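J.: As you go down the protein sequences, you meet chains A and B in turn.
Whatever position you read off the first sequence (first residue = 1), add 1 for our numbering.
Whatever position you read off the second sequence (first residue = 1), add 121 for our numbering.
A few of these clues could be false.
With a cut-off of at most 25 Å between alpha-carbon atoms, the simulated SDA-like pairs for lysine to any residue come out as follows [stated by the list, open to error]: (1) B:Lys277 with A:Met134; (2) B:Lys230 with A:Met185; (3) B:Lys230 with A:Phe158; (4) B:Lys230 with A:Lys261; (5) A:Lys261 with A:Val239; (6) B:Lys228 with A:Ala128; (7) B:Lys230 with A:Ile105; (8) B:Lys228 with A:Trp184; (9) A:Lys119 with A:Asn213; (10) B:Lys228 with A:Val173; (11) B:Lys277 with B:Gly357; (12) B:Lys277 with A:Pro172; (13) B:Lys228 with A:Phe156; (14) B:Lys230 with A:Leu152; (15) B:Lys230 with A:Leu154; (16) B:Lys248 with A:Gly162; (17) B:Lys346 with B:Gly357; (18) A:Lys119 with A:Val139; (19) A:Lys119 with A:Leu70; (20) B:Lys228 with A:Phe158; (21) A:Lys261 with A:Leu152; (22) A:Lys119 with A:Ile105; (23) B:Lys248 with A:Asn213; (24) B:Lys230 with A:Leu161; (25) A:Lys119 with A:Leu262.
Hints were generated in silico from the structure; no laboratory data involved.
If you're wondering where the values come from, they're calculated on a predicted model, not measured in any experiment.
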Amino acid sequence: MEAVLLQVLAGLATGGIYASLALALVMIYQATHLVNFAQGEMAMFATYIAWSLVNAGVGYWPAFLLTVLIAFVLGVLIERVVIRPVENAPVLAVVVVFIGLLVILNSVAGWIFTYTIKSFPSPFPPALGIRYMSPHQVGALLVTLIVLALLYLFFRFTPLGLAMRAAAQNPVSSRLVGIRVGWMLALGWGLAAAVGAVAGMMVAPIVYLDPNMMSGILLYAFAAALLGGIDSPGGAVVGGLVVGVLENLLGAFVIGNELKLVVALVLIVGVLLVRPSGFFGSVQVSRV
Amino acid sequence: MTALLEVADLRASYGATRVLHGIEFSLGERSITAVLGANGAGKTTTLRALCGMVRTEGEIRFAGQRIAGRRTEDIARLGIAHVPDGRGTFLYLTTEENLRLGAYARKDKRAVARDVERMYAYFPRLKERRRQQAGTLSGGEQQMLAVSRALMLAPKLLLLDEPSFGLAPLVVRELFGILRAINAESGVSMLLVEQNAAMALELADHACVIETGRVVIAGTAAELKRDDGVRRAYLGY
Numbered sequence: 002m003e004a005v006l007l008q009v010l011a012g013l014a015t016g017g018i019y020a021s022l023a024l025a026l027v028m029i030y031q032a033t034h035l036v037n038f039a040q041g042e043m044a045m046f047a048t049y050i051a052w053s054l055v056n057a058g059v060g061y062w063p064a065f066l067l068t069v070l071i072a073f074v075l076g077v078l079i080e081r082v083v084i085r086p087v088e089n090a091p092v093l094a095v096v097v098v099f100i101g102l103l104v105i106l107n108s109v110a111g112w113i114f115t116y117t118i119k120s121f122p123s124p125f126p127p128a129l130g131i132r133y134m135s136p137h138q139v140g141a142l143l144v145t146l147i148v149l150a151l152l153y154l155f156f157r158f159t160p161l162g163l164a165m166r167a168a169a170q171n172p173v174s175s176r177l178v179g180i181r182v183g184w185m186l187a188l189g190w191g192l193a194a195a196v197g198a199v200a201g202m203m204v205a206p207i208v209y210l211d212p213n214m215m216s217g218i219l220l221y222a223f224a225a226a227l228l229g230g231i232d233s234p235g236g237a238v239v240g241g242l243v244v245g246v247l248e249n250l251l252g253a254f255v256i257g258n259e260l261k262l263v264v265a266l267v268l269i270v271g272v273l274l275v276r277p278s279g280f281f282g283s284v285q286v287s288r289v
Numbered sequence: 122m123t124a125l126l127e128v129a130d131l132r133a134s135y136g137a138t139r140v141l142h143g144i145e146f147s148l149g150e151r152s153i154t155a156v157l158g159a160n161g162a163g164k165t166t167t168l169r170a171l172c173g174m175v176r177t178e179g180e181i182r183f184a185g186q187r188i189a190g191r192r193t194e195d196i197a198r199l200g201i202a203h204v205p206d207g208r209g210t211f212l213y214l215t216t217e218e219n220l221r222l223g224a225y226a227r228k229d230k231r232a233v234a235r236d237v238e239r240m241y242a243y244f245p246r247l248k249e250r251r252r253q254q255a256g257t258l259s260g261g262e263q264q265m266l267a268v269s270r271a272l273m274l275a276p277k278l279l280l281l282d283e284p285s286f287g288l289a290p291l292v293v294r295e296l297f298g299i300l301r302a303i304n305a306e307s308g309v310s311m312l313l314v315e316q317n318a319a320m321a322l323e324l325a326d327h328a329c330v331i332e333t334g335r336v337v338i339a340g341t342a343a344e345l346k347r348d349d350g351v352r353r354a355y356l357g358y
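Work the whole structure out from these sequences, hints included.
T.: Below you can see the structure in the form of structure tokens.
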């Protein structure tokens, strides 16, 4: 019984990280109706920036905040420079751009920082640990929950958050009330990149830092987003936690650690087959 | 009468199809002008052109400024609100969020809060539904919401694209009564596109008729009501 509890709690900790990245995917999806395959590599790149800052002698938390800020600016820039020109392009063109971004970020990171695996520090003091969870697991879960709460408050209660939601769901009406829709989309990319950066920094002490560190994580996040409903932010969070726990339980007791990634793939295929709108997503009906 | 809006030689096209062939009219401050015409005459496109929602050529002056070719969001910020064809509701947001979005470009928070209450006073049904997702509102309620959302901008000019569309005659009468009251109280000018010509001419002080992208008749509402051609084609007697 204790072993199960251990796995569940550990699952919640990593699940929180999947939830953040899944939320980043959902934010971009709501605005563009496409899944940003480069989300993981953007997070990985931001984590390298944090690593460089810490290595240059900046304290962990200042480096953390600075990284989030830099990731936000990079996210806005990517939207303005790379995504904007293909705004009205066919779906496949945009998907190719996403994949291009993925490859570019991955290679540039490898070129600058090499492919050698590096360790990444955890900022949490040992006192934070509880009987069943390591200090980093508790800390990562706390940080994730704080980020999610802040995002919720921002989108729910600020005029800018409201305008961003409006711009994503009805650009035409948004322009008619004076919302600068283009900038709202860019801000959305910035926020998604910032959330991804937090996820990257929280997962790096667990999976270690290398240019391919996010490929598995992104798969779990994708499964989480689909499970919750790809257009539902709340669903992404629940989905993330569920995927985290499921992955750990199945990995520990059923299929073994080597096949853990299969859980994500089975979930993705399963959800798409059985319930494409996920648990909380809206079913799209269109009149023909 | 000083002109709030002056339109001259306004042309617009969708792709290669030219829809407006040189529209010309002006609209005074505090006035209500009705735009009549058959389906496909270019009424909706005229409103869209005013808001920069289609590619246009020609001259549009609003409160002395040239606005042709400007971006939709900038035109809105100058004080032109648009109740679009199809109502343009933010379906997944609540009624109150829809109203607050209408005032997005305004900075005077207190006046915005007051205006939300003012809209609830005009349309008590919206107050009952304030926390409800706007997509779940009935057609009539959504039309009221669309008018309210546009008014939340505190516009100088309100463009209304068939506000009577899909509404029961009683609801139309109520809506038009409120539009008249709002015009009298706050002095906002209105440009009203309508299929329901009789009701539109009752509300408006000026009117024009558009046929295949051109203004063919313009004058006061009373003049148009007396015009034989207008009477036969649009009033049906």
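J.: State for each hint whether it applies.
T.: Each hint, compared with the structure:
1. B:Lys277 with A:Met134: violated (62 Å)
2. B:Lys230 with A:Met185: holds (21 Å)
3. B:Lys230 with A:Phe158: holds (14 Å)
4. B:Lys230 with A:Lys261: violated (53 Å)
5. A:Lys261 with A:Val239: Holds, at roughly 19 Å.
6. B:Lys228 with A:Ala128: violated (47 Å)
7. B:Lys230 with A:Ile105: At roughly 45 Å apart (the allowed maximum being 25 Å), isoleucine 105 of chain A and lysine 230 of chain B break the hint.
8. B:Lys228 with A:Trp184: Holds, because 19 Å separates the two Cα atoms, which is no more than 25 Å.
9. A:Lys119 with A:Asn213: holds (12 Å)
10. B:Lys228 with A:Val173: holds (22 Å)
11. B:Lys277 with B:Gly357: violated (33 Å)
12. B:Lys277 with A:Pro172: Roughly 23 Å separates the two Cα atoms, so the pair holds.
13. B:Lys228 with A:Phe156: Holds, at about 19 Å.
14. B:Lys230 with A:Leu152: holds (23 Å)
15. B:Lys230 with A:Leu154: Satisfied, since the Cα-Cα distance of roughly 19 Å is no more than 25 Å.
16. B:Lys248 with A:Gly162: Roughly 23 Å separates the two Cα atoms, so the pair holds.
17. B:Lys346 with B:Gly357: Holds. Lysine 346 of chain B to glycine 357 of chain B sits at ~11 Å (cutoff 25 Å).
18. A:Lys119 with A:Val139: Satisfied, since the Cα-Cα distance of roughly 22 Å is no more than 25 Å.
19. A:Lys119 with A:Leu70: holds (23 Å)
20. B:Lys228 with A:Phe158: holds (16 Å)
21. A:Lys261 with A:Leu152: With a Cα-Cα distance of about 30 Å, the restraint between lysine 261 of chain A and leucine 152 of chain A is violated, given a limit of 25 Å.
22. A:Lys119 with A:Ile105: Holds. Lysine 119 of chain A to isoleucine 105 of chain A sits at ~20 Å (cutoff 25 Å).
23. B:Lys248 with A:Asn213: violated (53 Å)
24. B:Lys230 with A:Leu161: Roughly 14 Å between the alpha carbons, so the hint for lysine 230 of chain B and leucine 161 of chain A holds.
25. A:Lys119 with A:Leu262: holds (22 Å)
In summary, the structure is inconsistent with hints 1, 4, 6, 7, 11, 21 and 23 from the numbered list given earlier, while agreeing with the others.
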